[in-house]
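Peer 1: Chains as they are written, first to last, in my numbering: chain A, 12 to 264; chain B, 22 to 309.
By construction, these hints were calculated from the structure, which means they are not laboratory data.
Hints should not be assumed to be uniformly reliable.
Straight-line distance between alpha carbons at most 25 Å, and here's what the computed DSS-like set of lysine-lysine pairs gives [claimed, not checked]:
no.: 1; chain 1: A; residue 1: 45; chain 2: A; residue 2: 153
no.: 2; chain 1: A; residue 1: 136; chain 2: A; residue 2: 236
no.: 3; chain 1: A; residue 1: 45; chain 2: A; residue 2: 93
no.: 4; chain 1: A; residue 1: 30; chain 2: B; residue 2: 196
no.: 5; chain 1: A; residue 1: 202; chain 2: A; residue 2: 178
no.: 6; chain 1: A; residue 1: 208; chain 2: A; residue 2: 34
no.: 7; chain 1: B; residue 1: 45; chain 2: A; residue 2: 88
no.: 8; chain 1: B; residue 1: 39; chain 2: A; residue 2: 64
no.: 9; chain 1: A; residue 1: 44; chain 2: A; residue 2: 30
no.: 10; chain 1: A; residue 1: 202; chain 2: A; residue 2: 30
no.: 11; chain 1: B; residue 1: 38; chain 2: A; residue 2: 34
no.: 12; chain 1: A; residue 1: 195; chain 2: A; residue 2: 208
no.: 13; chain 1: A; residue 1: 93; chain 2: B; residue 2: 196
no.: 14; chain 1: A; residue 1: 251; chain 2: A; residue 2: 207
no.: 15; chain 1: A; residue 1: 131; chain 2: A; residue 2: 78
One-sided and incomplete, this derived list gives chain B residues near chain A with beta-carbon spacing under 8 Å [claimed, not checked]:
no.: 16; residue: 93
no.: 17; residue: 94
no.: 18; residue: 95
no.: 19; residue: 99
no.: 20; residue: 198
no.: 21; residue: 202
no.: 22; residue: 205
no.: 23; residue: 207
no.: 24; residue: 210
no.: 25; residue: 222
no.: 26; residue: 225
no.: 27; residue: 226
no.: 28; residue: 289
no.: 29; residue: 292
no.: 30; residue: 296
Using N, Cα and C, we set each Cβ at its ideal position, and we do this for glycine too.
Each chain, letter by letter, is given below.
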Amino acid sequence: MSILLEAEHLTKIFTQRGKNPFKAVNDVSFTLKKGETLGIVGESGSGKSTIAKLLTRLTDITEGTLKFEGKDITRLKQSQLKEVYGDIQMVFQNPVGSFDPRRTLGDGIGESLRNRGMKKADVEKRVAELLEQCGLEKEYAKRYPHEVSGGQCQRAAIARALAVEPKVLICDEATSALDVTIQKQIMELLKDLKEKKGLSFIFICHNLALVQMFCDRVLVLYEGKVVESGIPDDIINEPKEEYTRRLVDAVLS
Amino acid sequence: MSEKQNKNVTVRVQKIKKNHIKQKLAFFLILAIGLVVLAVFSEHLCPYDPYAQDLASALQPPSLQHPMGTDTYGRDMLSRVISGARASIFSTFILVAVISVLGTAVGVCCGYFGGAADAVMMRISDVCLAFPGLVFAMAIAAILGGGIQNAVIALAVVSWPKYSRIARGQTLALKEEPYIHAAILAGDSSGQIMLRHILPNMLGPVLVTAMLDIGTMMMELAGLSFLGLGAQIPMAEWGSMMSSGRSMIQTYPWVVLSPGIAIFISVAIFNLLGDTVRDYLDPKNSRS
């Protein structure tokens, strides 16, 4: 299987004047193969979301290299990244906040297509297709983010991420802001996409049960470091590290 | 049960409040539009030629013929006040439009890109904010020389930092919103993000500041003219009219009071309109 995403010794240090530099992500390395789903778990503040931002280059990488399909994208500028964003897309934690409050959902979903020079009529058609694929009627394209529920908005966000037909979809706590039944529906949608489109996922989550159900491999993150990695079942059944054990116990109790 | 009733009461109170604000907004908007119409059609609304001298009827007290009296040269004060509306209101509008657009543009760019340019622009705006605005504007106007355009330029130079501060702060906050990240991932250029996603979402505070600024700027322009740094004699402008009549405040008060009241009324109208717009756009009042 070909390697899509390759992270080597990724490190992110936040520096603030008058404060000690803070290592949010410390020497994290992993690879993501085509069609694979990699879970990243850890408690709040363990650096999960920072990793998501590093992988999409929304913040600068302090040290280490990030390669996509063998090409070094660690230091690309925003204008050069446009091409990479055709292959790597992201679904955010807060579905409603990830859409511009003054623009319709359809406008947000079609934005990447228009930026790639698609004609207006074609964009409209494609947006309708995408919405349908994600289980929404095409009328939702005309709605504003505050007019729909969180679950519907997250479906629209997934539709937006799929618009450019990416190879890797990064889900940063994509189901955490939703209640349990909606969470299940969204997970089914993601599973469906995984099977039908052969998408690769980086699935960032604090819920071990979801990770066990959905991921092929998992990294356990603690204070910015990978403390354990492997197959979810193994890690949950026989955690080697003290921290992982606590994480598993916390779910069971 | 009682909680539900309480909630209903709050909703009703909010609705009444909202309606009240709407009525207020309509009221002040009509008054402000009235002033603008007065300024636009000032030539046709003046009962006399505001520049025609008639020394035989100089300094007459208000009468049916001259509702606001006449000045030292026998010019009809009402006509001069009406035609002065044009100079005052239009200069103010141009001034506020220029500073709000330029200041906001500078602020958004500084907030979005940061770096050295941001630091330099913000230090310049610190300098502008450190001095009392009118004093600084007086200095600049004095260098540029008299004339209402120069007064507008002087006030623009001192007043833009307010907008760039607001715009910069808003931009810094909005920049971290997930939808801006989503826009980056959609392949938007920096320009697109600033114009399509940041500007529309910060228009509220900028608009409110601009509305509230109309009154202030009108007063400062009149102030500069009063000091002889703005509109030049014999141009009909409220500030310079007050200035030329100020020695007569005890003997012929209408010469000073008519333009003074005109300034007072129009500044009050635009300030109250600005306040109401702020209340109207306040999310606490609009979401129910």
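Peer 1: Taken at face value, is the distance from the CA of residue 34 of chain A to the CA of residue 38 of chain B at most 25 Å?
Peer 2: Between residue 38 of chain B and residue 34 of chain A the Cα gap is close to 50 Å, so the pair fails against 25 Å, i.e. violated.
Peer 1: Measuring from the C-beta of residue 94 of chain B to each C-beta in chain A, is the shortest one below 8 Å?
Peer 2: 55 Å, violated
Peer 1: Assess, step by step, whether the Cα of residue 45 of chain A is no farther than 25 Å from the Cα of residue 153 of chain A, and give holds or violated.
Peer 2: At roughly 35 Å apart (the allowed maximum being 25 Å), residue 153 of chain A and residue 45 of chain A break the hint.
Peer 1: Under 8 Å, Cβ to Cβ, is where residue 95 of chain B needs to be relative to chain A, so tell me if that hint holds or is violated.
Peer 2: With a minimum Cβ separation of about 57 Å from chain A (threshold 8 Å), the hint on residue 95 of chain B is violated.
Peer 1: Min Cβ distance, residue 207 of chain B to chain A: is it shorter than 8 Å?
Peer 2: Holds - the Cβ of residue 207 of chain B comes within 8 Å of chain A, reaching about 4 Å at its closest.
Peer 1: Holds or violated: is the Cβ of residue 226 of chain B closer than 8 Å to a Cβ in chain A?
Peer 2: Violated, because the Cβ-Cβ distance from residue 226 of chain B to chain A comes to roughly 14 Å (cut-off 8 Å).
Peer 1: Does residue 292 of chain B hold up as a contact with chain A if the rule is Cβ-Cβ below 8 Å?
Peer 2: 28 Å, violated
Peer 1: Can the restraint linking residue 136 of chain A and residue 236 of chain A be considered satisfied, given a maximum Cα separation of 25 Å?
Peer 2: 44 Å, violated
Peer 1: Close enough to count: is the Cβ of residue 202 of chain B nearer than 8 Å to one in chain A?
Peer 2: 5 Å, holds
Peer 1: Assess, step by step, whether the Cα of residue 93 of chain A is no farther than 25 Å from the Cα of residue 196 of chain B, and give holds or violated.
Peer 2: 18 Å, holds
Peer 1: Under the criterion of a CB-CB separation shorter than 8 Å, is residue 93 of chain B in contact with chain A as hinted?
Peer 2: 56 Å, violated
Peer 1: Classify the hint on residue 289 of chain B as holds or violated, based on whether any CB of chain A lies nearer than 8 Å to its CB.
Peer 2: 33 Å, violated
Against the hints set out earlier in the document, violations occur for numbers 1, 2, 6, 7, 8, 9, 10, 11, 14, 15, 16, 17, 18, 19, 26, 27, 28, 29, 30.
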